[in-house]
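So the sequences go chain by chain: A and B.
Under the working numbering, read the first sequence as residues 1 to 395, first letter to last.
Under the working numbering, read the second sequence as residues 1001 to 1337, first letter to last.
The hints are simulated quantities; they were obtained by calculation from the structure and are not laboratory data.
Remember, it's a predicted structure, so these values are computed and weren't measured experimentally.
Ideal Cβ positions, reconstructed from N, Cα and C, are used throughout, including at glycine.
Just so you have them, the derived chain B footprint on chain A, three or more residues with Cβ under 8 Å:
(1) 132–144
(2) 150–158
(3) 263–272
(4) 275–283
(5) 320–328
(6) 331–337
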Amino acid sequence: MSTVPGTTTAPGVLERVRGSRLLWPVVALVALVVANAARNPGFVSIRLQDGHLYGSLVDILKNGAPTLLIALGMTLVIATRGIDLSVGAVAAIAGAVACTTIAGTTDPTSAGAVTRGIVLALVLCLVLGLWNGFLVALLGIQPIIATLVLMTAGRGIAMLITDGQIITVRNDAFREIGAGFLILPVSILIALAALGAVALVTRRSALGLLIESVGINPEASRLAGLRSRTIIWTVYVFAALCAGLAGLMISSNVSAADANNAGLWIEMDAILAVVIGGTSLAGGKYSLSGTLVGALIIQTLTTTVYSMGIAPEVTLVFKSLVVIAVCLLQAPKVRERFRRHRRTGPAEPTAGVASWSADTDGPSAPGHPVGQDASPATAPATNASTAPKQKVAQS
Amino acid sequence: MTTTAPTRSDATGRRSATRRPIVPGRVLPVVATFALFVLLFGVGSVRYEGFASGQVFANLFIDNAFLIVLAVGMTFVILTGGIDLSVGAVVALSTMVAATALKAGLPAPLVILLVLAIGTGLGVLMGLVIHHFEIQPFIVTLAGMFLARGLCFVIGVESISIKDPFFRALATGTIELPGGVVITWSVVIALAIVAAAVWVLHRTRFGRTVYAIGGSESSATLMGLAVGRVKVAAYGISGLCASIAGLLFSVYMLSGYGLHAVGMELDAIASVVIGGTLLSGGVGYVLGSLLGVLVLGVIQTLISFQGTLSSWWTKIAIGTLLLLFIVMQRLFMRRTS
Chain A
1 MSTVPGTTTA PGVLERVRGS RLLWPVVALV ALVVANAARN PGFVSIRLQD
51 GHLYGSLVDI LKNGAPTLLI ALGMTLVIAT RGIDLSVGAV AAIAGAVACT
101 TIAGTTDPTS AGAVTRGIVL ALVLCLVLGL WNGFLVALLG IQPIIATLVL
151 MTAGRGIAML ITDGQIITVR NDAFREIGAG FLILPVSILI ALAALGAVAL
201 VTRRSALGLL IESVGINPEA SRLAGLRSRT IIWTVYVFAA LCAGLAGLMI
251 SSNVSAADAN NAGLWIEMDA ILAVVIGGTS LAGGKYSLSG TLVGALIIQT
301 LTTTVYSMGI APEVTLVFKS LVVIAVCLLQ APKVRERFRR HRRTGPAEPT
351 AGVASWSADT DGPSAPGHPV GQDASPATAP ATNASTAPKQ KVAQS
Chain B
1001 MTTTAPTRSD ATGRRSATRR PIVPGRVLPV VATFALFVLL FGVGSVRYEG
1051 FASGQVFANL FIDNAFLIVL AVGMTFVILT GGIDLSVGAV VALSTMVAAT
1101 ALKAGLPAPL VILLVLAIGT GLGVLMGLVI HHFEIQPFIV TLAGMFLARG
1151 LCFVIGVESI SIKDPFFRAL ATGTIELPGG VVITWSVVIA LAIVAAAVWV
1201 LHRTRFGRTV YAIGGSESSA TLMGLAVGRV KVAAYGISGL CASIAGLLFS
1251 VYMLSGYGLH AVGMELDAIA SVVIGGTLLS GGVGYVLGSL LGVLVLGVIQ
1301 TLISFQGTLS SWWTKIAIGT LLLLFIVMQR LFMRRTS
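With the rest of the complex left out, here is chain B (with noise of 0.2 Å):
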């Protein structure tokens, strides 16, 4: 779609995802959720006190590290019209995989690399049923799903405690930021993610190919673009994505379980939306879906600070956060069109 953008906002809108000029149109969800972010945070800072402080905003990042590289992955699958119900699932079992394998007392590097490939591995397999088979997306990744969750189970019921040195280091070491600020290594891993992830595409002919089979599949196939390839990649991203996440979340849970991360996929969707992509692909950003998971992670903190709200709100806002937000975007395609 974005090659595609109707005239006088092409040359500025391709450069606009890393600078956001006020461009009405595509990028008006991005700016949407970025000031709900800053009203979200805003309202916690008068409410709360210590609330404003750029711990809390560091926090943010560390809590939900693995959950923003969900996202990136997920950002790709959605874009190119697809979904990927299986990254909540393809987390547990990174974290199942790495603790084992830990225990077992292979070297951590190797231990990354067979997680890396096995999510990888999982992805383009399910892209290639998807692509080639012609069987909806839905069903495929949901299968899926069953089968990194019963994989999990396969290799124990237990939770494994993880005591390798060097997650236990990743874990534990900090990065001390001007302003007393501190951050964990996981932060750096999911920035850098997403860094990546706006150059792909934004940057690459890949990245252009996504946008376009999100547009329109048949014309991105009748334009010659690869569009197999790329499809079948963008849910190979989104599994390595998944076991990346899965890294992380074992670095911050410090433990492998078949039972981490249930329901996570749905986390993930909900900030790509909230982000302002669209479900039927082709639009959107990465940075949108960066700030949705920002949203999420605000709302928990509120309601922590809170004290008094069970946790069963989070679930509500985020159900209400997501209505506001399809809503939103509904009329706002509605306006365009």
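Looking at chain A on its own, in the form it has when it is part of the complex (with noise of 0.2 Å):
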């Protein structure tokens, strides 16, 4: 969990590539926040007033907490080598329970409303969770296809409960969780909250590298002795429960529940937070300070776009074009390439993990088309990886 160090210049060699799958994420943070910095000096100021932080820094704390919560349980499901896709559907979800529940209690703004609803949408989450995990642990569907069902479903899911109206509610404990400040906003603390006992539990446990494991080969770890469905189901869970924390947290910010726009491609600005922060998506190994790293650079982004004062739909340009640098820059091949220009060859055996070292294979070595990654298939280190896939992914 700790920063990486900014600054090297050239400490031993060991060092600079531990550091270096954060380096550039950390720059590109570093940079925006500097570039914003630079055109208004007011960016990184920050005030205390009635025991609330305000300035754009503590902004983008607050709105890029959904963004991380979700990434953080993504970040687990893609370290499994799945992906999930129907976290903004389930965060709409949530959002739609949580408020109809309590807009549908005889006193709408009592504390025992927002229980109940945060409670009712939480497990419908989980139950959501367990349906995701169903289809990809039991039944074995390629994760990007088995959560597409639920990405298309369940927006209109969230429809139905709404009634495809936008749900307001006016209660102060609600808002509490989106919009509520403990010196820090409520929001990011839950946020930073989770992210630090996934960390614990995870990193301070041998569940990270069981997970990993799955994630590098299923029918290996399975083979193990490892209960690699009941981790790629819990995975699963996990991350629905994030989206529906994810969602309570973005429909209390704005005290409504919209079906249709609620964490509306939250789950593209989460994979692409997790990518950014050096998870595989060929899984096998995450990064959880990573994540946080990607999440903060995608909101940092759009509130530049924000306050440099271009439209606001533009963003999407500069996020793309932030995405293909950053992506870039992480491909093996280009920084085997630019190993080669340095001259720091022996840099390879450290990255050591299955996957990593099957991309820098050589120059006929296959990429890794997503759905292929996706479905538990063989780890495509070698060419005999051509028979066995169907064999083994029905396993």
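Assembly of the complex is requested from the two constituent chains, each provided in isolation within its own frame, with the hints serving as guidance.
Right, dumping it as structure tokens:
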């Protein structure tokens, strides 16, 4: 969880390589903040007023909380070589359930109504997560497609719950989740707490290792005695819960549930955050601190565009350019070329995760088409991966 | 995969895409989709008056011509084992470019060429990045989607209407078929593209390479096939199809707008999957994707005939169907292997 030495000039090769996975994202984040500060010095100023912190940076934290939370769940899913496209729809469903429940009680302003709404929403998300996990872990359907089902149907379900209306609620306790302050915004505190908890649970126990091993090769993990299915299932449930919580934040921030637009494209933002943070979509390794940086980059970028007075719709162009740049900088091939330029040869073995080294296997090594990655197929490390793809996928 | 298909169905299997004999195996999903389509259409004909007419059937094509073209492009990409999330945004960009260029007074043929060039260029670019930098197609095309959507808004945030006489003529012009059924030129274009895609996939070396890459990219490389070129070209084709779909869409809507076709890539992917193409690549048919689009269209028609159902039921129905088909695919694959 410690940050990366951002100003490495020429220390030991080992340290450079260790840091370099996060180096570029951090550089990008710092560059964004500096660019903002240069243009508008008020950008970095933070002031305390009525026990609240105010300032652009605080806004970034507050608005980035749902993305961070979803990206957190997504990180673990991607670490198992999966992907969860349904999180945006799940977030919309959570908001819809919470708001309709609160609005439907006799006293919509009471704290009891909020508790009921939140519990109901999270329980439903749990069920949705179980559903995704069931499709992926038990039926063995490719994650991208299994979660596409809920992504398509989910918004329909959310509309069904709200009856196609935008449900507004007036409840101070509910507002706290997304718009409240405990010096810092409550939402980012929740998100950071979740991040801390996950870091603690996965990195201080073997769980993180197990998740990564499932991502590298589910079949081998199973043969080694791991309960691959249980792990995969758990990961999807956790992702859905994160999405639900993020959905509550989003709807609480505006005190309304909009089944159509709440959390729209947030799954894309979350995936981008995870990828920018250095987690490989091929599974097998993940970086929680990277995800944090990635989520902050995405949100800072959005805020930058707003504060620079560029039309907000153009955000997308910037987002795509940054994504392409970061992805290119992280692509094993490009890094390899860089390395050859700087003649720092023996760096390779340090990054010896199976899928990682497979990427740099050689000039003719196959790329990673997503569908193939997403299926629990064999690791494409050797050219013998031709035959058993479908055979392994079914067991 | 087709080229190395096991023994007996090899000769017939290749021909099956056009004639569809009852070959158990890889054609089964397509047959199932066809059966589902007939079933849904039959249910509609029994339940609603005036449903079982040639015009309702023709309208399925008229209202979904752009989606058919999109699904064709998507089939190529998915057959290679990739995915293209950018197509919806490219459709929007195409409508926007077309509307703006026409408004600026450029002649229609030039505008069409410009749009096609932009779409194909974007596709090829994404393909090059995917192949040469070995970044996952999912991420690259996601970035492409953001880029294309963003470019729409760079051009303009308002909806621009199209007043060009050629586009108007294409939009209002109809062809009368025997039996009083009327179709538009968009349908003809879409079906021509389907036919061309079938030919390319099953009658050319390029098409066989597409299947081979999807079956196993490393094997295809070892066999000495032009993996890189074909993969990049598949994304190029998808981009080209997306821009053609964009032109058809701008004819259909007679306007250009950055928020056109939001989420259409999902419809395209859903049609391809419902049409029996495996997302892991190597297995599937363009005709299946066409049937997939028709199934989606029939569901929409059913819901609009019912009248009391809200539009969000469409989404739920598509999701359910998607589920049905992937579960069926799983069971089917388990049995054959």
